[in-house]
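Participant: Here's the letter readout for the chains.
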Amino acid sequence: DGGITQSPKYLFRKEGQNVTLSCEQNLNHDAMYWYRQDPGQGLRLIYYSQIVNDFQKGDIAEGYSVSREKKESFPLTVTSAQKNPTAFYLCASSRSYMNTEAFFGQGTRLTVV
Amino acid sequence: GQQLNQSPQSMFIQEGEDVSMNCTSSSIFNTWLWYKQDPGEGPVLLIALYKAGELTSNGRLTAQFGITRKDSFLNISASIPSDVGIYFCAGPLPYGGSQGNLIFGKGTKLSVKP
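Taken in sequence, the protein lines are chains Y and D.
Residue numbering for the first sequence follows our numbering, starting at 2 and increasing by one per position.
Residue numbering for the second sequence follows our numbering, starting at 4 and increasing by one per position.
Because the hints were derived from the structure by calculation, they are not lab data.
You may find that some hints are simply not true.
Stated by the list, open to error - Partner residues are not named here, just some residues of chain Y that face chain D (Cβ under 7 Å, in silico):
hint: 1; residue: G43
hint: 2; residue: L44
hint: 3; residue: Y49
hint: 4; residue: V53
hint: 5; residue: N54
hint: 6; residue: G108
Here a beta-carbon is modelled for each residue, glycine too, at the ideal position from N, C-alpha and C.
With the sequences and hints as input, model every part of the structure.
Facilitator: Here you go:
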């Protein structure tokens with residue numbers, strides 16, 4: 002089955018620690034995205050990658066980092082510099098950067114304890 | 004920054020009722036997308052609209068791309084319990100970057116009437 006897989010589903014982090022969220026897709030999509038969702042809010046773009054080895058900051062990139070070394074993988078690191086990291090994180094992909102139809106993974110809920 | 008305003012914020016449905024919701028923007032959009040999100044899950048794409056005035060159906064769902072290109076509407080006919088969830092409208096940022104860089108409304112939450 003083709004799709005986007007995010008892991009883990011739930012993640013707990015101590016303050017001051019970095020943590021990496023995994024996102025893998027087997028849809029052969031060029032473009033991948035990370036969004037953050039807070040309760041009662043829409044999704045906000047953190048980082049995006051139009052093609053392998055390239056990525057760009059979105060609206061709320063501060064305190065986050067990404068890499069895109071393989072087409073199918075786009076991990077997100079939440080660093081200790083992110084002031085309010087507790088949120089629901091969603092990874093998405095689209096066929097190309099010109100294609101608007103983004104398909105989402107099931108999300109990772111990160112909680113800072 | 005760009006904003007998409009969804010209305011209503013929440014609504015209660017009784018099985019069998021028709022449901023309407025809308026999304027408006029101060030900017031023109033070339034594409035409108037409607038997603039549904041179940042609790043604790045990622046959004047699922049329901050309908051994509053690409054042309055002003057376009058009316059597209061997906062089963063009991065019908066969405067329209069407003070003539071002004073600044074709004075879109077989603078209707079659900081004969082609602083059933085599994086329709087509950089949060090419905091988001093989304094559209095690509097109208098400037099630069101990737102067409103897949105979407106901005107989202109805050110959602111319309113559908114719940115079942117007690």
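Participant: If a hint holds in the structure, say so; if it does not, say that too.
Facilitator: Here's how the hints hold up against the structure:
no.	hint	in the structure
1	G43	holds (3 Å)
2	L44	holds (4 Å)
3	Y49	holds (6 Å)
4	V53	violated (14 Å)
5	N54	violated (15 Å)
6	G108	holds (5 Å)
Hints 4, 5, counting from the list given before, are not met by this structure.
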